[in-house]
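Taken in order, these protein sequences are the chains called A and B. All you need for the working numbering is the position in the first sequence, starting with 1, plus 13. All you need for the working numbering is the position in the second sequence, starting with 1, plus 13.
Hints in this document: simulated from the structure, not taken from any laboratory. Just so you know, nobody snuck in bad clues.
No copy is singled out in the list; a pair is fine if it fits within one copy or between any two copies.
List of simulated lysine to aspartate or glutamate pairs, DMTMM-like, C-alpha gap at most 25 Å:
id	residue 1	residue 2
1	Lys239	Asp341
2	Lys239	Asp323
3	Lys239	Asp23
4	Lys168	Asp199
5	Lys580	Glu483
From a predicted model like this one, the values you see are computed outputs, not experimental measurements.
Number of protein chains: 2
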Amino acid sequence: MRIADIARGDTPAELVIKNARIANIFTNEYELSDVAVYSGKIAGIGKYDGDVVYDAEGRVLIPGMIDGHVHIEDTMMTPGAFAEIAALHGTSAVMADPHEISNALGMSGLQYMFRASQDLPVDVFYGAPSCVPASDYESAYEELDMTAIHSMFMKEYTWHLAEMMNYPAVINGDASVWGKILAAGDVPLTGHAPNVTGYALNAYLSAGISSDHECNELDEAREKLKRGMWIMIREGASFPNLRTLLPLIRENVLNASRCMIVSDDITARYLLEQGHMDVKMRIMLEEGINPFVALRMVTLSPAEYFRLSDRGIIAPSKLADFAILDSDVIDEKFTVNDVFKNGRQIVRDKEVFSPYEQEHIAPAIKTRITKIPSVEDIRVKAEGKIINAIGVTKGTVLTKTLELEAKIENGYAVSDSEHNIAKIVVLERHRNTGRFAVGFVHGLGIHSGAVGSSVAHDAHNFVVAGYDDESIITALHELADMGGGLVVSNGKNVTEKFALPIGGLMSYLKPEEVSRELTIMEDAAVRTGILIPHPFMVLSFLCLSVIPELRITDKGYIDIMKGGIQKVFVR
Amino acid sequence: MRIADIARGDTPAELVIKNARIANIFTNEYELSDVAVYSGKIAGIGKYDGDVVYDAEGRVLIPGMIDGHVHIEDTMMTPGAFAEIAALHGTSAVMADPHEISNALGMSGLQYMFRASQDLPVDVFYGAPSCVPASDYESAYEELDMTAIHSMFMKEYTWHLAEMMNYPAVINGDASVWGKILAAGDVPLTGHAPNVTGYALNAYLSAGISSDHECNELDEAREKLKRGMWIMIREGASFPNLRTLLPLIRENVLNASRCMIVSDDITARYLLEQGHMDVKMRIMLEEGINPFVALRMVTLSPAEYFRLSDRGIIAPSKLADFAILDSDVIDEKFTVNDVFKNGRQIVRDKEVFSPYEQEHIAPAIKTRITKIPSVEDIRVKAEGKIINAIGVTKGTVLTKTLELEAKIENGYAVSDSEHNIAKIVVLERHRNTGRFAVGFVHGLGIHSGAVGSSVAHDAHNFVVAGYDDESIITALHELADMGGGLVVSNGKNVTEKFALPIGGLMSYLKPEEVSRELTIMEDAAVRTGILIPHPFMVLSFLCLSVIPELRITDKGYIDIMKGGIQKVFVR
Numbered sequence: 014m015r016i017a018d019i020a021r022g023d024t025p026a027e028l029v030i031k032n033a034r035i036a037n038i039f040t041n042e043y044e045l046s047d048v049a050v051y052s053g054k055i056a057g058i059g060k061y062d063g064d065v066v067y068d069a070e071g072r073v074l075i076p077g078m079i080d081g082h083v084h085i086e087d088t089m090m091t092p093g094a095f096a097e098i099a100a101l102h103g104t105s106a107v108m109a110d111p112h113e114i115s116n117a118l119g120m121s122g123l124q125y126m127f128r129a130s131q132d133l134p135v136d137v138f139y140g141a142p143s144c145v146p147a148s149d150y151e152s153a154y155e156e157l158d159m160t161a162i163h164s165m166f167m168k169e170y171t172w173h174l175a176e177m178m179n180y181p182a183v184i185n186g187d188a189s190v191w192g193k194i195l196a197a198g199d200v201p202l203t204g205h206a207p208n209v210t211g212y213a214l215n216a217y218l219s220a221g222i223s224s225d226h227e228c229n230e231l232d233e234a235r236e237k238l239k240r241g242m243w244i245m246i247r248e249g250a251s252f253p254n255l256r257t258l259l260p261l262i263r264e265n266v267l268n269a270s271r272c273m274i275v276s277d278d279i280t281a282r283y284l285l286e287q288g289h290m291d292v293k294m295r296i297m298l299e300e301g302i303n304p305f306v307a308l309r310m311v312t313l314s315p316a317e318y319f320r321l322s323d324r325g326i327i328a329p330s331k332l333a334d335f336a337i338l339d340s341d342v343i344d345e346k347f348t349v350n351d352v353f354k355n356g357r358q359i360v361r362d363k364e365v366f367s368p369y370e371q372e373h374i375a376p377a378i379k380t381r382i383t384k385i386p387s388v389e390d391i392r393v394k395a396e397g398k399i400i401n402a403i404g405v406t407k408g409t410v411l412t413k414t415l416e417l418e419a420k421i422e423n424g425y426a427v428s429d430s431e432h433n434i435a436k437i438v439v440l441e442r443h444r445n446t447g448r449f450a451v452g453f454v455h456g457l458g459i460h461s462g463a464v465g466s467s468v469a470h471d472a473h474n475f476v477v478a479g480y481d482d483e484s485i486i487t488a489l490h491e492l493a494d495m496g497g498g499l500v501v502s503n504g505k506n507v508t509e510k511f512a513l514p515i516g517g518l519m520s521y522l523k524p525e526e527v528s529r530e531l532t533i534m535e536d537a538a539v540r541t542g543i544l545i546p547h548p549f550m551v552l553s554f555l556c557l558s559v560i561p562e563l564r565i566t567d568k569g570y571i572d573i574m575k576g577g578i579q580k581v582f583v584r
Numbered sequence: 014m015r016i017a018d019i020a021r022g023d024t025p026a027e028l029v030i031k032n033a034r035i036a037n038i039f040t041n042e043y044e045l046s047d048v049a050v051y052s053g054k055i056a057g058i059g060k061y062d063g064d065v066v067y068d069a070e071g072r073v074l075i076p077g078m079i080d081g082h083v084h085i086e087d088t089m090m091t092p093g094a095f096a097e098i099a100a101l102h103g104t105s106a107v108m109a110d111p112h113e114i115s116n117a118l119g120m121s122g123l124q125y126m127f128r129a130s131q132d133l134p135v136d137v138f139y140g141a142p143s144c145v146p147a148s149d150y151e152s153a154y155e156e157l158d159m160t161a162i163h164s165m166f167m168k169e170y171t172w173h174l175a176e177m178m179n180y181p182a183v184i185n186g187d188a189s190v191w192g193k194i195l196a197a198g199d200v201p202l203t204g205h206a207p208n209v210t211g212y213a214l215n216a217y218l219s220a221g222i223s224s225d226h227e228c229n230e231l232d233e234a235r236e237k238l239k240r241g242m243w244i245m246i247r248e249g250a251s252f253p254n255l256r257t258l259l260p261l262i263r264e265n266v267l268n269a270s271r272c273m274i275v276s277d278d279i280t281a282r283y284l285l286e287q288g289h290m291d292v293k294m295r296i297m298l299e300e301g302i303n304p305f306v307a308l309r310m311v312t313l314s315p316a317e318y319f320r321l322s323d324r325g326i327i328a329p330s331k332l333a334d335f336a337i338l339d340s341d342v343i344d345e346k347f348t349v350n351d352v353f354k355n356g357r358q359i360v361r362d363k364e365v366f367s368p369y370e371q372e373h374i375a376p377a378i379k380t381r382i383t384k385i386p387s388v389e390d391i392r393v394k395a396e397g398k399i400i401n402a403i404g405v406t407k408g409t410v411l412t413k414t415l416e417l418e419a420k421i422e423n424g425y426a427v428s429d430s431e432h433n434i435a436k437i438v439v440l441e442r443h444r445n446t447g448r449f450a451v452g453f454v455h456g457l458g459i460h461s462g463a464v465g466s467s468v469a470h471d472a473h474n475f476v477v478a479g480y481d482d483e484s485i486i487t488a489l490h491e492l493a494d495m496g497g498g499l500v501v502s503n504g505k506n507v508t509e510k511f512a513l514p515i516g517g518l519m520s521y522l523k524p525e526e527v528s529r530e531l532t533i534m535e536d537a538a539v540r541t542g543i544l545i546p547h548p549f550m551v552l553s554f555l556c557l558s559v560i561p562e563l564r565i566t567d568k569g570y571i572d573i574m575k576g577g578i579q580k581v582f583v584r
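Based on the provided sequences and hints, a complete structural model is requested.
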């Protein structure tokens, strides 16, 4: 066995990393040593000769980092473009939930993602999207039921069940949802259970779900940890929970073996400007977490939870996936300089060797949307004085159900810039049913025009929030014309637009172009008065029926805690 | 789903444990609560009603304990008898390596163990015995090669590879041994690599082996942990490493997530008089280890290493395997009072409800041994003045190669009680080849008579250590007549004997009877002058060719470090 010959030092390695300061999470020490590589794996650690030598010059070497939960679609980039940026920041593997594309394009969307994720600089492991649609209150392209889940495992597209978001159905023992969980078998069954505690949590866990990434508060995370769940501490672009949840580790460092840091939702701009798992490391280091403990939560802990026995540490037989920092200790700068994947250098001096070239084409969107409501259709007749409104708060994916006084004009409830209330419309777009719903949202800051998107979790119908009805209708028409994308409108004019041809979710553009387009769109959105960061991401989550409290889909207002469709007027 | 109905509190549970102080390893706290049970699983933790109520009266409830490595055969009890005693002490699962019976009876022995381990009060998970025989220097009943290993996995007898003891072959890249490892696939590949460090350890690990239970010294354990191995800290009947290795945990408590405590070899008497995993807990508590950290290493850590996602903690969906202590805190007494397995009470007030009844019969030993050497045959002609002798040290399975001055009488080297040297003979017993080897052993204390056994790791041929040749030959004849067992002889007389009809390794007797018989045998052994505790266990390990330094098999002296057969006379 050649790898054993190399490990013993009797045969030169294919590649030797010389003079690396290997960060060892078991000893909490750096080990100045060489790493011998053969056939994409680590053969040994010690003093070695090799056919190719890379001199680390005493800089820190860490295992390739692992993101335990991310939705690639939400970066609006293809898997290849995403992987290029993620690799640049030292990521070697991600556990991706493809439920966005699965909502938009069904099983064919999942298959596209799988195809487009082969041979990338980051290993992309897909979970079986467990909730397509997320609930009965959402209208997806097609339902992926327990037989669909079963076939994903049989075809080996997946080795874990992606976030089981329909927690009310799990808690209530709904057979169609339990069947999905059991169809997955003895694999990591990942969860999504915001605010679920006490007896409801017991019921949720009784199905075997073993992790959660929706803890916004420390006490919630403490309870879930206590009940045996692995905690995925989310640090996304717009929902940063890391600083809030770090006391879990400070209270008991052993909890680092049951916690990992995940992204969930990040944008192209976030990736380009801030980074990926390195961002999480920097935050933990700023917060004074022991560097080796922090490192464990982005390397070994996710590898262990997902049973990836071939990675997560620097040791013989493990994949030669590692990153070299530009410093000789792990400190708050935490800058990845060079990256190796499967024993090949793919990043040098913060630049990728071979930028990703698009090879795979997604299935086309087959439905053209022609049934678009008119200005008259989306008027809200004043049936009372107090309306329900979706309450948006910066920095959390949770919303509130607010009861607010309606602004009434000519017998219709309308937007109210003085009280930060805008109108919001969702239009079904997968079957051209023409079904739509109208509601109100508080806290976005819109005082003129409208912002619209075909990225609207999770069913990804068209969502438009706007001040006046004309701007809203203009945006809906533009979304239909583009076949999906982002739009900002003002009256009859389209201010800016960005087409997303892959299921109305993603672009074929390169990362910098995606980021630039999104920046243009966000700047245009600011001109409507929106003040909240990542306005399109925030907008997109207002449709996600499985997160408390009030949401809106094409079927109307939804409050998952109250368990059904809610009226616009309270009284 | 009924379990969800129960978890929510909407339906009474089948069983409720009331007022338990649940030891929670994530919070390091006791939680005074009820545990609801349905269909052998935990449904919820909180306040519950149930059809059957057990009042824990505020006593501590812990998860059923897990032994990560044990050889059941070495207790000389059947799996059923072993499980009865282990359950009494709070054990719910063991990872058993059936390599003793596999050496003695081949694949049919393994199948017997598997058959005899169904529906026991302890779940017995067998590993695929990776080294039958342990090395080319041992003569087993049959060789279990890579195709045999492959079929064990295909037939689902096993989910992990049992200790890969042939570390020289792994390190040297021997294809027949690497093939066994690869045939196992992506399962926990458990190791056995005493004194293997540095480049040799790299080579051993390059095959993917991920744990070790042979660390006798702290530095060795530190290096293996650093290289990514899970450390099985052994606390067996005669090889206690726990106190030595506990600094691993004191240095970095996070290491508790990579360490577990295991038995390896224990006797019936040890089980009856001292206990099983509870012994390990008591030692850790005496040593001042945090009780919750200690508990983790006998519950969650082995469950995680062996990917038993259904156990190891008290949480919804996990097996209702737990033990109730007789105290309201985990303290140094650590006494298990009541035990539940799959939600059924099997131990009450330290007594098992239904003692185990033997149901399964092992395959008969098919070879009758008739070729037995004579007194003349085992004389050692004096070919020099200095002999190699096996150096035995109390408390370690390791031996030394000692070069000692021979006592010469009438031209033959003989035993020398003044210098604590006895003669040792091994006779092949699986094929009646008549092959035998003679050597010397230092440190047993024998000054008259002989002790013999068919338990002689790992090939389990007949081994006899004795002072005079006549006693040795008497013992060999008795072993042949019994078809295997233990014997103490003096001259022409058999002092005591204990037949082991199951492969020459185990008895069908009940635990107390096995223990009594063994005690009689050990007392008889003391009358030969043996001073070392567990004399038959120590004797049995003198044949194990894969542990340094000097050993003896039917093929002669073996020193695995020197890599071959050694001569009796040095010069």
